Amino acid sequence: MHNKHFLNVNPVVVLLINLVAPTMYIFTKASFLQFFLLGFVTVLLALMGYFRRMFVLLGIYAVFYGIFEACTAAGYYSGWMSYLIIMIEFVPCLALASVLISKYSSSELLSALEGVHLPRTVVVATTITLKYIPTFRREFGYIKESMRLRGIPFSIRNPIRSFKFFIVPQLFRCAALTEEVTAAGLVKGINAPMRRSSYYSQKFRLSDSLILAVFAGGLMFGFVF
Amino acid sequence: MVENDAVLEAVDLGFTYPESDEGISHINFKLYKGEVVLLTGDSGSGKSTLLKCLNGLIPSVTEGKLEGHLYAGGKDLAEMKMHERNRIFGSVFQNPRTQFFTENTTAELVFTLENYGFSKEDMQKKLDKLTKEFGLEGLLNRNIHTLSSGERQKVALACALSMDQMILLFDEPSANLDYGSAMRLGEIIRELKKRKITVIVADHRFYYLKDIIDKVLLMKNGQLEVYNSEEDFKSSGYDTRSFDLFGIETVSHTEHKWCECVTEVENVSYKDILKDVSLQLCKGEITALIGSNGVGKTTLARLLCGSIKPGKGHISNTGMPFYIMQDPDYQLFGTSSENELLMVRKDPGAVDGVLDSLGLTKQKNSHPFDLSGGQKQRLQIGMAILCDRDLIIFDEPTSGLDSKSMERVSRRISSLRDKASILVISHDYEFIRRVADRVVYLDDGRIKSSFELNESTVENLNSAFKEMQDKAQNLNLEE
Numbered sequence: 019m020h021n022k023h024f025l026n027v028n029p030v031v032v033l034l035i036n037l038v039a040p041t042m043y044i045f046t047k048a049s050f051l052q053f054f055l056l057g058f059v060t061v062l063l064a065l066m067g068y069f070r071r072m073f074v075l076l077g078i079y080a081v082f083y084g085i086f087e088a089c090t091a092a093g094y095y096s097g098w099m100s101y102l103i104i105m106i107e108f109v110p111c112l113a114l115a116s117v118l119i120s121k122y123s124s125s126e127l128l129s130a131l132e133g134v135h136l137p138r139t140v141v142v143a144t145t146i147t148l149k150y151i152p153t154f155r156r157e158f159g160y161i162k163e164s165m166r167l168r169g170i171p172f173s174i175r176n177p178i179r180s181f182k183f184f185i186v187p188q189l190f191r192c193a194a195l196t197e198e199v200t201a202a203g204l205v206k207g208i209n210a211p212m213r214r215s216s217y218y219s220q221k222f223r224l225s226d227s228l229i230l231a232v233f234a235g236g237l238m239f240g241f242v243f
Numbered sequence: 108m109v110e111n112d113a114v115l116e117a118v119d120l121g122f123t124y125p126e127s128d129e130g131i132s133h134i135n136f137k138l139y140k141g142e143v144v145l146l147t148g149d150s151g152s153g154k155s156t157l158l159k160c161l162n163g164l165i166p167s168v169t170e171g172k173l174e175g176h177l178y179a180g181g182k183d184l185a186e187m188k189m190h191e192r193n194r195i196f197g198s199v200f201q202n203p204r205t206q207f208f209t210e211n212t213t214a215e216l217v218f219t220l221e222n223y224g225f226s227k228e229d230m231q232k233k234l235d236k237l238t239k240e241f242g243l244e245g246l247l248n249r250n251i252h253t254l255s256s257g258e259r260q261k262v263a264l265a266c267a268l269s270m271d272q273m274i275l276l277f278d279e280p281s282a283n284l285d286y287g288s289a290m291r292l293g294e295i296i297r298e299l300k301k302r303k304i305t306v307i308v309a310d311h312r313f314y315y316l317k318d319i320i321d322k323v324l325l326m327k328n329g330q331l332e333v334y335n336s337e338e339d340f341k342s343s344g345y346d347t348r349s350f351d352l353f354g355i356e357t358v359s360h361t362e363h364k365w366c367e368c369v370t371e372v373e374n375v376s377y378k379d380i381l382k383d384v385s386l387q388l389c390k391g392e393i394t395a396l397i398g399s400n401g402v403g404k405t406t407l408a409r410l411l412c413g414s415i416k417p418g419k420g421h422i423s424n425t426g427m428p429f430y431i432m433q434d435p436d437y438q439l440f441g442t443s444s445e446n447e448l449l450m451v452r453k454d455p456g457a458v459d460g461v462l463d464s465l466g467l468t469k470q471k472n473s474h475p476f477d478l479s480g481g482q483k484q485r486l487q488i489g490m491a492i493l494c495d496r497d498l499i500i501f502d503e504p505t506s507g508l509d510s511k512s513m514e515r516v517s518r519r520i521s522s523l524r525d526k527a528s529i530l531v532i533s534h535d536y537e538f539i540r541r542v543a544d545r546v547v548y549l550d551d552g553r554i555k556s557s558f559e560l561n562e563s564t565v566e567n568l569n570s571a572f573k574e575m576q577d578k579a580q581n582l583n584l585e586e
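These protein sequence lines are chains F and U, in that order.
Its first residue numbered 19, the first sequence is counted upward by one per residue in this note's numbering.
Its first residue numbered 108, the second sequence is counted upward by one per residue in this note's numbering.
Quick caveat, the hints were computed from the structure, so don't treat them as lab data.
Warning: the hint list may mix true and false statements.
Below, computed lysine to aspartate or glutamate pairings styled on EDC-like, alpha-carbon distance capped at 16 angstroms [said to hold, decoys possible]: (1) Lys221(F) / Asp434(U); (2) Lys471(U) / Glu445(U); (3) Lys121(F) / Glu210(U); (4) Lys162(F) / Glu445(U); (5) Lys303(U) / Glu240(U).
The following label-pair restraints were derived from C-beta to C-beta distances [said to hold, decoys possible]: (6) Glu244(U) / Ile185(F): 42 to 48 angstroms; (7) Ser521(U) / Met212(F): 54 to 60 angstroms; (8) Asn374(U) / Arg175(F): 35 to 41 angstroms.
Everything numeric in this text was worked out from a predicted model, so none of it was measured.
In this text, a Cβ means the ideal position worked out from N, Cα and C, and glycines have one as well.
Only chain U is shown next, with the shape it has when bound in the complex (with noise of 0.2 angstroms):
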């Protein structure tokens, strides 16, 4: 018989992906009302996997065998339909371009509600107590697309809870966050907390969570260790320095002495997003772009590739850049590893090279989108080291990467500044502390800040982030 005060309990639970021997076994925790679980643990650790067993993806949409049990509330999930798990779970996808069935804020917000044939009368109250709950005034009735991230988050939020959900759960929400809306996020998490629901939040990244936490459930090859405080998580071993963000230690970057300027913009704006943007950029340096979501750091990334065209001022560029998106599905065209490095530099052995250096010569046959996440990524690093652009821009390229994929990312990125300019945007602060010579803080389509980043003028960045945290203000719950 199982013990009914426990909201979650999971009894020897299993998963293996048939022909693979990838998956998790022996998962045993006991979740209770009102605690904020952090669910963590290395790319392929089995995160994931055991994410997708609590909202019932597995088994309903993803195949192979499921052992063991989990209950909610006392009750045998096995025996739930989908429908029913609902109920129970609500889930907050990692993507916000398909966490959405419409493009409408209040049609979304009742579109579960309507699946599940709530009268209009209910469907009303509900929208009212949520619009109450999470603060959505001013957010009903707007085309999700226009929304900021801090915005949509909090929609999907509401969306997620609309069915009166116990138990929430979290996607690696700060992939896709700034690190202001990250903090805010922790805010409404204890807010949360305190309305008794109990909140897994499964995520690389865990700052924004600290002084929260009731639980830990490490993953490690599939099997689960469980934590039950910050404190004995942070004395297990494993890589908890991101708690205390600011607070990291890195290696101070060998002074640059040689400047020679690949890119000036001058005096650029664009719209009403950019005002008066001047900066330079320079071989052998490493510039990180920081700002909040939607402040214009991308757009300005356009505007030096020449995708868009500046309104006023004037940019000038050695050649045309080479951007690494953030998604890398984008960019990737070739038959085979090899090939798509082949289309930068017709050179076998440089490339032969290259996939060497990165580990992938065992997939250098492969499709490119056989590959997985970080063996992607790493093969767009090998365009840019193949590359013959004088500048590399790249695009958060450390959102979703747990703290050893972001450390080899940054070593990778650094080995590039040799041979180009590299522009990172960003707002990883562990990641900018790691490789950035120079800092440039955009804030409201101006340049607030640009530094280089030493001893001295870390507490320049601190401030810049500590900034961007106070921006977030109208992401709080009301209460």
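Just chain F, with the same shape it has in the complex (with noise of 0.2 angstroms):
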């Protein structure tokens, strides 16, 4: 499922380190911290092959970087822009937590997170939350055509009325996809007492110790200096 000219990252590491990353802008100077999440993410986001996802986070990050220090030279500041920073300070996760999401299937992150001793019911439920980001998506577009179709205005001027007439067969859709993926997973074996195994668990490799000691020793000089 992978290129092999390119690093197939265990999707423990990216899992471990997409937890950890943010947490650390409590502990650490964010501006040492934003500047080493940025080169991290670039270099393992070219090793991993994913070129187009790499120029799109330097692209992002260029301009609102731009942007904050435009503003700051003109000595502009406005509360708006500390909403920029956040995002300067978390482009970076944002990426590689898409890259999560993306490349990896949930049998894939099932075992990763079977792997890190979480309970079965906390995996199951990430695994199907997960799951169910692209048929939600899905199921709003239908619905929001439906209305376009039905002549419902999704309109700005009346948000409330609109509001009701989008949630509200969302809502009811939720619950009967719930119960039929409840009766999938059932008989698939979702809540089998035995320790789950994995087809695409990986070793742990010497390149997977090597990106987790780069990440902790920056995570290290940020703490030291």
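Once you've looked at the hints, go ahead and assemble the two chains, each given alone in its own frame, into the complex.
Right, here's the structure in full:
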């Protein structure tokens, strides 16, 4: 499922980095961490062969950073700029999260989550949530299209009314889907008491350890200096 | 003591839903190895309840009072946990949307094995075996959403048998398959029978099981009648005409004399799905759009609705069409049945009349989502009756309906003929015979044939259906 020329990173590593990186803003200096994360994630994306995603990340980062710098240079400051700072700090994490969702199948994620010894219920709930993001996006599309065909406007002028039309069918769809998903999951043994194995389980390679070591090293550097 | 040679035996099985009289009772049957069993009956007869008792969703998920016993291979299923039952029963569900847990075919094929903690080597062996048995070579490592309905069915089937289950349960497989794929499914079931797997198919339509059925479980108001052969079943008094699909007799329609064109499609192409399609739709006429799944029927409907724009060519409409989707849940926005219809036309008198004619007066104040599937569909037809659009499009209006309901829907759709032009997308042969004035056969993105449907052209329709069957070639099981 991956190209041999590029680094195949164990999903546990990506997951771990994604969990740890954002929380580190509490402990280390943001001015250092944001640059470290940007550099780290850029290199990681390149090694994994996600060049398009890497350029998108750099582009978005450059735009946000440019706006911020331009405003500061002009002596302008406003409340909305704190959102800009948050975005600058978190864009690398978001890029990595997008890789987590798109590269790894729900099976791989499920195994990765089991690997870090989370309880089964949490693992199952997380997998279903991840699986259903694209499904819900499709469902939203159908409902919006259906509203257009019925001649029911989705307008900002009447937000509560629009919201009601939009959200009520969605909720009912969710309920129906939940029932169907539960049924499908149960007959596929999702609650079988044995420890789950994985077809895609990957050994923890030297490269995985190196990635984690560089990541940890960077964080340490942030602490010390 | 229960005889061990029966693969599955029900002894006085019964189930009642809480706070309701509905349910099933006194169910007794014995099924043997390699039997193909049709489980049928009208909507609400208890078919789904019995199926849930078999796959274990009753009592695992659905609450209620379960009585009697079910034995599989001599063991009482009541003493088995859900995950133990799954080793005996494989299930193929109706809805492809929720059938699968992953997006990748290979991941899906090993999903159950992973849940049961198989080692990687064992999984690889199983996967190789399934690939060989079901001819999945070209389907491994594919995105499930990009498969055709027939291919998806094949993957679902392989998944359901990944644990070497003895009994396979199908829940309305024909509802989401076109005619050709359904006929192929019939052949696959014949193959499974040779492999000594007991196959239970719960379905309203059974044309694709002709000459394969060993036993029929017919549900009637929660009670079971068992027929030990197809012939016995045919003489049961239940409507079995659809066994001989092409032989059905329908009343020929009164020929319409006038034509007021409301929609004109001129040389329309869209991506590589539709090529050079031209079509005229007239008031007073019901046009059936037929063709295999994935051939571009829904794309054409979406073009007519302006949801997508043609790459080439031109579509002229007298106004926005009214589009009735296959799944009513996407289309209901009202707070009550009455309110739903009032959103279409603000005329309480007319709305009351329509509710009455559709037998929905009692449900006037019910929330649309509280209605049953059939009632929701009637409400949709009510919307079509009240709307003032010149073109009404129905997408698979009869999928999953029993023959009585299908006849009712046919009558209601026929009655719309005079107020608008009707386009029905359908692969339901019987329904097409009942309602269509004209048939447009779409094949490979082009209109292959278009003809008025009458006694002299029925053969054209039949050959289109036979052609669709031949087209579904790649669904064969490898020996």
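Going down the list of hints, with the structure as the test:
Straight-line distance between C-alpha atoms of Lys221(F) and Asp434(U) comes to about 45 angstroms, which puts the hinted pair past the 16 angstroms bound. At roughly 5 angstroms between alpha-carbon atoms, Lys471(U) and Glu445(U) fall within 16 angstroms of each other, so this suggested pair holds. A distance of roughly 11 angstroms separates the Cα atoms of Lys121(F) and Glu210(U); the hinted pair therefore holds under the 16 angstroms criterion. Annotation: proposed proximity of Lys162(F) to Glu445(U) is violated, straight-line Cα distance about 22 angstroms (limit 16 angstroms).
Restraint check for Lys303(U) and Glu240(U): the C-alpha separation of about 14 angstroms stays at or below 16 angstroms, so the hint holds. Glu244(U) and Ile185(F) have their C-beta atoms about 45 angstroms apart, which keeps the hinted 42 to 48 angstroms range intact. The hinted window of 54 to 60 angstroms between Ser521(U) and Met212(F) holds, with their beta carbons roughly 56 angstroms apart. Between Asn374(U) and Arg175(F) the Cβ separation comes to about 40 angstroms, which falls inside the hinted range of 35 to 41 angstroms.
Violated hints, listed in ascending order, are 1, 4; each of the other numbered hints is respected by the structure.
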